[in-house]
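Protein chains: 2
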Amino acid sequence: MTNKYVYQFYEGNGKMKDILGGKGANLAEMTLLKMPVPSGFTITTTACNSYYDNGGVINDEIIKQINDNIDKLEEISQKKFNDKNNPLLVSVRSGSRASMPGMMDTILNLGINDEVVEVIAKKTNNPRFAYDSYRRFIQMFADVVMNLPKHKFEHIIDDIKAEKGVTLDNELDEDDLKLMVNKFKAFYFKNLNQSFPTDPKKQLLLAIEAVFKSWNNPRAIFYRKMNDIPNSWGTAVNVQTMVFGNMGDDCGTGVAFSRNPATGENKLFGEFLINAQGEDVVAGTRTPQSIDKLADFMPKAYEEFKNIAKKLENHYKDMQDMEFTIENGKLYMLQTRNGKRTASAALKIACDLVDEGLINVEEALLMVDPKQLDALLHPQFDNNELKNANILTKALAASPGAASGQIVFNANDAVKWVEKGRKVILVRLETSPEDIEGMNVAQGILTVRGGMTSHAAVVARGMGTCCVCGAGDILINEDNKQFTINNKVFKEGDYISLDGTTGIVYEGLVKTVEASISGYFSRFMQWADEFRTLKIRCNADTPQDAMTSLKFGAEGIGLVRTEHMFFESNRIKAVREMIVSKTEAQRKIALSKILPMQRKDFEEIYKVMKNLPVTIRYLDPPLHEFLPTSSYDISSIANEMKIDINELKQIISSLHEFNPMMGHRGCRLAISYPEIAIMQTKAIIEAAINVNKEFNYNIEPEIMIPLVGDVNELKYIKKIIIDTANEIINANNVNLKYHIGTMIEIPRAALMADEISKEADFFSFGTNDLTQMTFGFSRDDAGSFLKNYYDKKIYENDPFARLDQNGVGELIKIASVKGRNSKNNLKLGICGEHGGDPSSINFCHKIGLNYVSCSPYRVPIARLAAAQAAIKNKID
Amino acid sequence: MTNKYVYQFYEGNGKMKDILGGKGANLAEMTLLKMPVPSGFTITTTACNSYYDNGGVINDEIIKQINDNIDKLEEISQKKFNDKNNPLLVSVRSGSRASMPGMMDTILNLGINDEVVEVIAKKTNNPRFAYDSYRRFIQMFADVVMNLPKHKFEHIIDDIKAEKGVTLDNELDEDDLKLMVNKFKAFYFKNLNQSFPTDPKKQLLLAIEAVFKSWNNPRAIFYRKMNDIPNSWGTAVNVQTMVFGNMGDDCGTGVAFSRNPATGENKLFGEFLINAQGEDVVAGTRTPQSIDKLADFMPKAYEEFKNIAKKLENHYKDMQDMEFTIENGKLYMLQTRNGKRTASAALKIACDLVDEGLINVEEALLMVDPKQLDALLHPQFDNNELKNANILTKALAASPGAASGQIVFNANDAVKWVEKGRKVILVRLETSPEDIEGMNVAQGILTVRGGMTSHAAVVARGMGTCCVCGAGDILINEDNKQFTINNKVFKEGDYISLDGTTGIVYEGLVKTVEASISGYFSRFMQWADEFRTLKIRCNADTPQDAMTSLKFGAEGIGLVRTEHMFFESNRIKAVREMIVSKTEAQRKIALSKILPMQRKDFEEIYKVMKNLPVTIRYLDPPLHEFLPTSSYDISSIANEMKIDINELKQIISSLHEFNPMMGHRGCRLAISYPEIAIMQTKAIIEAAINVNKEFNYNIEPEIMIPLVGDVNELKYIKKIIIDTANEIINANNVNLKYHIGTMIEIPRAALMADEISKEADFFSFGTNDLTQMTFGFSRDDAGSFLKNYYDKKIYENDPFARLDQNGVGELIKIASVKGRNSKNNLKLGICGEHGGDPSSINFCHKIGLNYVSCSPYRVPIARLAAAQAAIKNKID
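Chains A and B, in that order, give the protein sequences. Sequential numbering of the first sequence, starting at -11, is according to my numbering. Sequential numbering of the second sequence, starting at -11, is according to my numbering.
Some hints could be false.
Intra- or inter-copy, both count: the list cannot distinguish identical chains.
[Said to hold, decoys possible] Listed below are the simulated DSS-like cross-link pairs for lysine-lysine, each with C-alpha atoms no more than 30 Å apart in a straight line:
| hint | residue 1 | residue 2 |
| --- | --- | --- |
| 1 | K52 | K570 |
| 2 | K834 | K746 |
| 3 | K72 | K561 |
| 4 | K595 | K318 |
| 5 | K781 | K746 |
| 6 | K404 | K707 |
| 7 | K201 | K707 |
| 8 | K780 | K681 |
| 9 | K22 | K299 |
| 10 | K630 | K67 |
| 11 | K539 | K255 |
| 12 | K781 | K707 |
| 13 | K201 | K52 |
| 14 | K213 | K706 |
| 15 | K476 | K52 |
| 16 | K746 | K213 |
| 17 | K834 | K801 |
| 18 | K469 | K328 |
| 19 | K637 | K469 |
Just so you know, these hints were derived from the structure itself, not from any lab.
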C-alpha cells in the first residue's frame, strides 16, 4: 500500500500533529468543528522526510498525490488554477509538529500569472489590488523560494516612486503597479537566469520544495537545537485557498489571543487591520487597532470570532492564538494554536483554567514549560528602555536576568569598585576560580571565551548572577583595561548592560525592573510538590545560596563545593601555604589555619538548612588552580609567603598538568594528602556537633567523595574519615550519625558500581564530568568544534545542557542497577548541571533516582519538571 | 571445623602451592617421592591472610597448631627444642605461591641459646662451629626479625679482629666467637631495649611473624606490582630441621640446575662449597666449585644428587633449580623448583623437552614467559664490561635493549651528529612529537620526566629503540646542553650508556653485543602460530617498522598513525601552512602539497606488506602539536611562512586547549576540515591503485576513523570518504574494495556500539585512550598520583600496561557484544599498547577479538601469548 502523503483538511483532525504538523492538524480540527476555514490540504511530514531520504527530490508518488489533491481542492472551492473566471489562488505555509519560528515564511497569492492577474482585476473590479497582489507574490516567491532577498526589489519601487515624485506606496496607481510587476519579472530573470514561473502547479511544487528545504536552514536548525526538537520530525506544508482581507473596507485581517498572553487576563486580546493582508500587520507600516474595536466596524464578524475563540479555547482547553481574515464581511479562520505566553500569564491561565473547571491540576501542571519559570526569578530590562538601546553583540545566554553597570576588567577591581558603592559588570577573557569574589559582587558577567558550561556560566548560574558568555566579537585587552567591538572602544568605567536571558549586550545603562512573583506562583508550585516523587535539592556553596534555594523550595543541599570557600581573600593565603608545603607537618600547620574557617562555613550552612540534608563534597580541583599565574602575583605572593620566587615558580611548574581535567584532583588529592580529608572531616563533624548542640537539631552530615573510579579509593578515604569522625564524636560524647557516599562521575565508577556501592551510603551522579569523560571532550575545549557538529547535524543537543540519555544515561542506568543490586537502599541523586534541566529530570525520574540537585535558581524549574515527569510517566 | 593452618611436609604435596607456597609444596612433593628431605612443616598462606585480617596478630588457633606441629617434628626428628642431648635447630623460610625475591631472607640455626650452644659444642666436638652458628643466628635474627641491620654488627667483628691483630674470619677461634656472641647480645639489647630471646618457641613465633610481615614490605609490593601477583595470595612459612654443611670436610652445600639456565644445555649446572652453610655461597667470600667437581670429593653424594636431579626433572617435566646440603657425607635436599632461565635457554629447553618426549608442544608453549622473548630481539650489554661500569642512576626501563653513544640534547643535533657518522643518545626533559626524527636516529633515548607510557616510551617501543624514562635524579639544562647527576656534569658529546631492559644509566661507553636468535626461536614460534587463533598485527608508521614487524611474524598492520609522517622536516612546513590557513581554499593548497608525500608513504608501506591488510588511521592529534612552541622557532617559522609573527602567535594561542586530550582532535578534525579527510582518502586510494597495478596485488585499504563517539560522526566522514574514493576508482576504471572502520576509544562509542557498528566494517579498540577516559586520568598526568596508589595498595597494576579487565574490559565486552549484535561479521581488533601485553591478549582471546595489533618488537610476544591464551582457554 502506498503512503498517504496528502490530506484534505476535512480528512484530518487535531490529533494528527505528527504527520500534519501543528498548523495542519489545527486547520483540520477547525474544519471538523465546522468553523469557517478556507478549504485546503496538507502535505505530510512523512513527505518531507521522504524528500530528504530521496536525496532532495520529491518523488513521483508525492507529486501525483499533490496533483490529485489540487483537483479535489478545485472541485471543493469551485475555483481552478489558471481559470478564466474563477481562478484558484492559494497560500503555502510550513507547519511542523512544534511551533518553529525561523522556518519558511508564508507565500500568499500563489497561482497568479499574467493571465490570472487580469481575471482578478476584472472579477474584483480592482486592477490595483490585482497587480499589487501579483508584485507581492513575485517578491515573496523570489525571496523564500529562490533566495533572492525581498529587499533587493526595493530599489525598483523607490525608482518608480522617484520618477513619479511620490513617497508612499498607496500613492502608486494601477499603471505604476503594472510597471512594477514587469520590472520585478525582469529583475527576477536577470538575477536568476530564468523566467518567473507562470504555471501555478510549477509555482506550487517549487514552493512546497522550498518549505521542505527551509526545515534545514541554519535558523531552523539552531531553533531546534535550542528547543530539543529532533531533526527527524520534518515539516508539513499547508496549501490553502486564498481569502483576501484587502479587497475593500468590508475586509480585514487580524491576530488575537483568547486571553491576554502577557498577564493571563481572561479577555480577548489582539489586533486587526481593515483592508489589509496578513503581511501588512507584520510589516508594521500601518498601526493595527485593538481587537475589541472590531465590534464597531464589523459587529457580526466580531461576534462570530468571539464565539469561535471561546469555543476553541473550550475545545483545546488552553488559551488560543488565532489568525483570521474577513473577506467582504465574511470571517475566515486561518490558524489556531495554543498561544505562547509570559511566565506569569502561564501561571495565571493554568490556575484560572483549573478554577473554571476546564482542566484538572495535572493538566495545569503539564501546561507550563518549566524553563519559563526562570523569567520570574530574575530582574528584567524595562521593555520601553530596550527599544532605544544600542545592541553591541549577541552571545550565549549563559545565566538569565538583566544587569547594568560599569565595566571592570578583573575581580579585584570589581571588589574595589563595589566597595565604593558602584555597580559593575565584570568583563573577562574567561573566568577562573580566582575570580569568584569579583563575580560574586558584580551585577553581571561577560566573557569573551567559553560556552554554556564554562566556568563563568556555571558559577554565574549557581549565584543567580546574569551572565553572557563567548562574546567572540569582542577584542579584549585586560592589561590595558579596555575592549573593542565594532571598532568602538570601551574602557573601565564605561556602562554596558547584559541580558542573560537573550545573550544580548547593550551599550550604556538600560534600566531593569524586578520581576514580580505573583500569588499564582506559590499556588502552582504547591501543586507541583503534591505530584512529584523526586526530591529537589540544590547546589549551594554559601549560606546565601542556601537561603535562596530554601526560598525557592529546595529540600536539602545535594552539593556543597568546598573549594569555592578556599578562594576567599582571607583564606587563600593559608590554602597556598598548604600547597607549597614540602612536608606533611608543614601541610598540617597550614590546614590547621583553614580548619576553623571551614568549620564556620559548614556551621553557617547547617544553621540555614536546619535539619535538611546537606551533602558536602571534599576538595575537588587540582591544586594548581589555587596558585597565582601572572608573574606579578607570583612575586607578591612569594614575598608574602617568604619563599624564594624561583622556588614558588618551580612549585607552580611542578603542579602543571597537560590535562588538568584528568589530573591530580578529586579523591586523588585526599589519597596523596590524607591530611586534607582529615581537616575537612573535622570541620564537618565539629560543625554538625556544634550546631546540633546549639539548636537541638539532629543533623546527619553527608560526606561525598569526588572522582572515585575504584572501590579501593573510597575504602581508603572512608577509613580516614571514619577514624577521624569517630574520634571527635567519642571525645564529645555525643551521638552523631553521618553518611559517606561518592560521586559517580568517572565512567569506570559507573561500570564498577556494584563494588563501589558496597562501601557507599549514596551515589550522586556528577553528570558534568561524566559527560566529559564519556564523550571524551572537555567542556572548555569543545566549543571549538561543537559548532561544526550542530551545523553538520552530527549533534542535535548540547550534551552539557541536556543529558545524553543514550550514552551517559546508559552509564547512569548501569550504575543505578548495579549499585542497587549490591545495596538495595542505596540513595541515588544527581548533582550535575543536568539536575536543573527538565528533560534530564524526566530521565532521572524514570530510572528511579531519589533526588536531583541543581543551582538555587533552578529549584522551581526542577520542582515543576519533576511533577511533570511523575504525571507523564503515570499516564504513559 | 577449624582450618588446618599447618602441614607437616609428609601431609602435603606439590599441587598444594596455593596454601603451602611454592617452596613448601615442593618440599612436600620431594618428601612424597621419598627423597632425603629434612623433616619440617609449613604454615599456610591462609594463616598469613588470617594474620592480616586479624589486624596483624597471629590468632590462638594458629599458635596452637604451630605448637602441636613442633611436638610432631620433635617426635619425627628425635630432636627437641632446648634438649640437653639432641637439641632441635630449625631454619625458617618464606615461600609464596610464586617465587618472590624481595621477601624475607632465610633464618638458620633457630633454636640456639646459651644452653643449646654448649650442647652443640659438645655433641659436634666443635665449639668454634657452635659459637659461629650462634653468632650468625643472632645477627640474622636481629636483621630480619627485628630490623636491626646485619651490617651494624660488623664493627664488633672488626674490633675483635683488630684487637687480635688478624684480618680473616677464620683466624678467629672459639673464645673469640664466644666473646663475639656476648658482644652481639649486648649490642642487641642496647639497640632494641630487650634481651635476645632465649626460648626457641618464642624465637620461632617471632620469626614466623616476621615472614608474614615481609609479605608487605615495599620491595615485595613493588615486585608483585611488576609481576602481576595479587596481594591477596599471602605467603607461607617453612620450618625445617637444620642440617649442617659446615661441620667438617665431609660436609658441604650447593645449588644446581638440572640443565644450564643460560644456554639450556642438558647437563647438570651449579656449584658447591665444602664445609659451608648456604649463606657462605651467597656471600661470595669463598669461591665455590663447579658441581661436577663434587664427584671427586663425595662421589656417593654426587651420584645420588645427579639421580635425584634427573628424577625431579622427569617428575616436574621441567628444568629444576635445587638446593642441597651434605652433612657428614649424607645428602639432604632443601629445595627444588622450576628454574629461571634466559630467554634462549627457555626456548632450547622447551624444544628439547618435547624432543625427549617429556612434554608435548602445548606444554612447551606454556613453559615460556612471552615477555621473556623481548630479550632475544634487542642488543644487550656485554656482561664483562658491565662489571666495571659506573652506574649513574636507575629509572624506568621504558623500552628494552642496550645503547651507548654521545649525549645530544635536542632532536636537530641528533640528526646532525648522526649525519657525521656518530652514535648518539638523545637526552631530553621530555620528548614531544617534534622530536621524532631525532629519536629515530638515536641509539637510545633518556628522559628526565615521564612514565612507562610517556611519549618517549611509547614511541621508542614502537621503534624498538632503547629508552630509559623518568630519570628524575638528573638536573637537565637543555639550553646550555648539559646535565648534572650526583654533582657530576655531563656535556654534549660525553658518552653514556643506557640499559632499557633494567632502566640503568651507565657512565661512559659500555660495549653491546647483538643478541642472537637461535633456530629454536623460529621452531618455537611456528608452534605458537599453529595453536593461536588470534591474528597478530603490528602498529607501524613507516616502511622500516613494517619490515621489522614482518620479520617478527606480523600478519598485517593494525595501525598506521598518519601524523608521525607529518613531522618529517621536508613536510612539516606544508602541514603548518595548512594549519595557519584562514580559508578552506588556502588549506586545500597546503594539503595538495602534502598529498603526493602522503601517497608515497602509503605506497611504500603497501609495497612492504604486499597483500597483507593495512589499517590506516586518519589524522588524530590536535593541530597545535604541529606548531612550534619556543619563541625562536615561532619567529623563524613566521619568517619562513611570510606571515606576521604576532599573527602566528595569535593562531598558536587560539589553538591552545585546556585539555588537549579531550579537545579538537581525532575525527573532530575531519569534521571541521573535511578537506583533510579528502586528502588522506586520495592518498590511500591512489596509493593502493598504483601498487596494485605495479605488482598485480589485490590490496584492500582499511581506513580507520579515530575518536568516534557517535554514529553521526562516522556517517559524516564515511560519506566524504566514499565520495572521494569512488570518484578516483571510477576515474581510474579499476576495481578496488576498501573498508571503513572506527576506533573504539571513547566510552560513549563502546556504549553506542550497536549504532556505530551499522556504519563500520571493523572496530579497533584504542585501549590507550579508552583507559584514560574510562579511568578519568591522563597518562601524562597520572604519574603524579599513581605512585601513591601503588604505595597505598589502591591499585595493583598500571592500567596502561595491563588492561583493566573489570572497567575498561567491561566496555570492550559491551562494545563487542553490541557491535556484533548489529553486525555479526564485524571484525574486532585492538591497537592500544595492551595489544602487546600477554594478560591483555588472553582477555582479547577470551572475548573473541579477531586480532591484536602491537608495536613491531612485541609481535613475537603477542604470537606466543595468543597461543598460550588458546591453549589455556581450551584446557579450562
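*List of violated hint numbers, smallest to largest*: 1, 3, 4, 6, 8, 10, 11, 15, 18
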